[in-house]
Amino acid sequence: GQSLEQPSEVTAVEGAIVQINCTYQTSGFYGLSWYQQHDGGAPTFLSYNALDGLEETGRFSSFLSRSDSYGYLLLQELQMKDSASYFCAVRDNGNTGKLIFGQGTTLQVKP
Amino acid sequence: EAGVTQSPTHLIKTRGQQATLRCSPISGHTSVYWYQQALGLGLQFLLWYDEGEERNRGNFPPRFSGRQFPNYSSELNVNALELEDSALYLCASDPSLAKNIQYFGAGTRLSVL
Chain G
13 GQSLEQPSEV TAVEGAIVQI NCTYQTSGFY GLSWYQQHDG GAPTFLSYNA LDGLEETGRF
73 SSFLSRSDSY GYLLLQELQM KDSASYFCAV RDNGNTGKLI FGQGTTLQVK P
Chain F
405 EAGVTQSPTH LIKTRGQQAT LRCSPISGHT SVYWYQQALG LGLQFLLWYD EGEERNRGNF
465 PPRFSGRQFP NYSSELNVNA LELEDSALYL CASDPSLAKN IQYFGAGTRL SVL
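First to last, the sequence lines map onto chains G and F. Going by our numbering, the first sequence opens with residue 13, and the numbers climb by one from there. Going by our numbering, the second sequence opens with residue 405, and the numbers climb by one from there.
Heads up, some of the hints might be wrong.
[To be verified] Covered by chain G, according to a simulated footprint, are these stretches of chain F (three or more residues, beta-carbon under 8 Å):
id, segment
1, 414-426
2, 456-470
3, 505-512
[Unchecked claim] Partial pick of chain F residues on the chain G-facing surface, computed with a CB cut under 10 Å:
id, residue
4, Val408
5, Ser435
6, Val436
7, Tyr439
8, Tyr453
9, Leu492
10, Asp498
It is worth saying that the hints were derived from the structure and are not from the lab. Values in this document were obtained by computation on a predicted structure and should not be read as measured data. Built from N, CA and C at the ideal position, the CB exists for glycine as well.
Construct the complete structure from the given sequences, taking the supplied hints into account.
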């Protein structure tokens, strides 16, 4: 089957660095994306990796290793507002628009 | 530029009734996706519409259906509602298949009593 695995919960303190891992098993691969969702809100796009390596966008970075079917989201200089759920997602087929999402990682940032 | 908008924000129905959820994509986006997010879970793909046609369907029963209008807005219809249909229904749009970036609305919270 097709699946994405990520930790269910992560806790960190303000100012720290946290890494959220995602491993995927899909029939095809057309890039790994990360979305942030605050409680009850709309998921918002954070980052996208189609090729191996690190993509940096401000305090957030995302990494992909296609040979390992693995990626991670790195959040630096954590702020209280970063407390949210983070989802990795894969498009497994270039001809369909659907994304396959992980179950989400709830990040709690403590003062 | 307006984002993806969904209505209503909340919807309360009873078992056996029908629910209609609406979505307006970002201007210029032709693809609309529907996802179901049960409480505390990830997003499950429901339907994809592009240029007025249903292009792909997730693993949901036929009582989940929808359509896309000429202005690219979309409706999701859920017939014969069951208690387990209670969830947040999210709509997303994107301008192209070339990217993994989808833009989401805030969702419709459907409660089936």
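Earlier hints that do not hold, by number: 1
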